[in-house]
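Enquirer: One letter stands for each residue in the lines below.
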Amino acid sequence: NAGVTQTPKFQVLKTGQSMTLQCAQDMNHNSMYWYRQDPGMGLRLIYYSASEGTTDKGEVPNGYNVSRLNKREFSLRLESAAPSQTSVYFCASKTDNTGELFFGEGSRLTVL
Amino acid sequence: DQQVKQNSPSLSVQEGRISILNCDYTNSMFDYFLWYKKYPAEGPTFLISISSIKDKNEDGRFTVFLNKSAKHLSLHIVPSQPGDSAVYFCAASGASGTYKYIFGTGTRLKVLA
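If you're matching them up, the sequences are chains V and B in order.
Start counting the first sequence at 202; every next residue gets the next number (the numbering used here).
Start counting the second sequence at 5; every next residue gets the next number (the numbering used here).
Treat the hints as calculated values from the structure; they're not laboratory data.
Idealized CB from N, CA, C, for every residue including glycine.
It is possible that some hints are incorrect.
Unchecked claim - Here are some, though not all, of the chain B residues that point toward chain V, as calculated from beta-carbon distances under 10 Å:
(1) Gln10
(2) Leu15
(3) Ser16
(4) Gly20
(5) Thr49
(6) Phe50
(7) Ser53
(8) Ser55
(9) Gly64
(10) Phe66
(11) Pro86
(12) Phe93
(13) Ile106
(14) Gly108
(15) Thr109
What the hints assert, rightly or not - So these bits of chain V aren't anywhere near chain B, every CB distance computed over 10 Å:
(16) Gln212
(17) Ser219
(18) Ser232
(19) Arg273
(20) Thr287
(21) Gly307
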């Protein structure tokens, strides 16, 4: 019972490098989300996708791009990583009936 | 501007006693509220939710209260257990047509044995 799967779990980047965080869910949910968690800041919404083919900005979208590749997959891309993007990133998907979010285990990113 | 606020970064409670975690929100369009629990190195897990048509929802040891006029919700855990020690986040979502879920900054609960 996989739920929401994120890869990679850990990544170290140098400033200016690019990378993509992958997320896949097997629960047939329409909506998917990317959050970042920083000490004292809680979980902040980066981007979300209400359904396949749509994406919208959240609270902190600058420096990120997303792709809703299909109903299962929602990727987050950092085109030119900055130290301020050092964080733990969480992907989530939402049930259509109860509105509950299911989270992945997180991806810890360090930008040097 | 923080739309969902948890003003207590941490809380310590004796085992068996009640834990009360508080959350305030500023956006009157929020109509669905959730609580999540998070252990270190894991993703947040859903605990309990409440819609704005209710003022209370109960699930076992966990009860969420919503005071719409004060834009305030609270999570009560009775009795508290050491396994409840975690970070708790409240979250809010707006009226139908929006899919944004906004989270608070979290409260770290420590239940002392």
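Enquirer: Could you run down the list of hints and mark each one as holding or not?
Expert: These are the hints, each one checked on the structure:
no.	hint	in the structure
1	Gln10	7 Å, holds
2	Leu15	16 Å, violated
3	Ser16	19 Å, violated
4	Gly20	29 Å, violated
5	Thr49	7 Å, holds
6	Phe50	5 Å, holds
7	Ser53	7 Å, holds
8	Ser55	9 Å, holds
9	Gly64	16 Å, violated
10	Phe66	14 Å, violated
11	Pro86	23 Å, violated
12	Phe93	6 Å, holds
13	Ile106	7 Å, holds
14	Gly108	5 Å, holds
15	Thr109	4 Å, holds
16	Gln212	15 Å, holds
17	Ser219	25 Å, holds
18	Ser232	5 Å, violated
19	Arg273	17 Å, holds
20	Thr287	16 Å, holds
21	Gly307	6 Å, violated
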